[in-house]
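Colleague: Under the working numbering, think of the first position of the sequence shown as 1, with each following residue one higher.
These are computed hints drawn from the structure, not numbers from a lab.
On a predicted model such as this, the values are computed, not experimentally measured, just so you know.
Careful: at least some of the hints might be erroneous.
Calculated lysine-lysine pairs in the DSBU-like style (CA-CA distance at most 35 Å, straight line) [said to hold, decoys possible]:
1. 77 with 152
2. 121 with 153
3. 79 with 153
4. 77 with 153
5. 61 with 153
6. 61 with 77
7. 61 with 79
8. 153 with 73
9. 152 with 61
10. 73 with 152
11. 121 with 152
12. 61 with 121
13. 121 with 77
14. 73 with 121
Derived CB-CB ranges, DEER-like [what the hints assert, rightly or not]:
15. 60 with 138: 26 to 36 Å
16. 120 with 63: 18 to 28 Å
17. 96 with 63: 28 to 38 Å
C-beta atoms are modelled at their ideal positions from N, C-alpha and C, and glycine is treated no differently.
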Amino acid sequence: MAAPGPARLFRAAAASSRRWLFSSTSPAAGPRPGCSGAAAAGRAARPFSLSARAVLSSEDKITVHFINRDGDKLTAKGKPGDSLLDVVVDNNLDIDGFGACEGTLACSTCHLIFEDHIFEKLDAITDEEMDMLDLAYGLTETSRLGCQICLKKSMNDMTVRVPEAVADARQSVDMSKNS
């Protein structure tokens, strides 16, 4: 039997390193608060090629409307399992200071206010999220952190409101619309 050629060895090595680099068992991919399960595992293993992303059609995406601090309506789409923070970042939405801790549950800058009928369907809030929400400005009965809310098909076409001011628990900075 002949030895494998260089191209075959390269493909095998690339596949192996890709599994290690982008798997949830990778040392670099430590646990991230927020979305978990199969959807988060899929996000951790993002493909290198754009053609693999094309498998998800626009019909499979979920539309979210954000009412910004200045009253503007920003509309974006995300995949089931994406956090609302992912939707804001992936769609490059202009929401000042949003997601300063990049979803590590260390601030309250992704504080959002939900409609009652959507809020009732959200997963239970964790103690860690509750602690961060306690530091948020404009807290309401339907407030949650966007980094902790994962998109589901039932959320399609929902509207969430960004509070008028934001508090970054890491810096104690007020980024209100009046500043």
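Colleague: Run every hint past the structure and note whether it holds.
Modeller: Status of the hints after comparison with the structure:
no.: 1; hint: 77 with 152; result: holds, 12 Å
no.: 2; hint: 121 with 153; result: holds, 12 Å
no.: 3; hint: 79 with 153; result: holds, 9 Å
no.: 4; hint: 77 with 153; result: holds, 12 Å
no.: 5; hint: 61 with 153; result: holds, 8 Å
no.: 6; hint: 61 with 77; result: holds, 6 Å
no.: 7; hint: 61 with 79; result: holds, 5 Å
no.: 8; hint: 153 with 73; result: holds, 21 Å
no.: 9; hint: 152 with 61; result: holds, 10 Å
no.: 10; hint: 73 with 152; result: holds, 21 Å
no.: 11; hint: 121 with 152; result: holds, 10 Å
no.: 12; hint: 61 with 121; result: holds, 19 Å
no.: 13; hint: 121 with 77; result: holds, 19 Å
no.: 14; hint: 73 with 121; result: holds, 23 Å
no.: 15; hint: 60 with 138: 26 to 36 Å; result: holds, 33 Å
no.: 16; hint: 120 with 63: 18 to 28 Å; result: holds, 20 Å
no.: 17; hint: 96 with 63: 28 to 38 Å; result: violated, 23 Å
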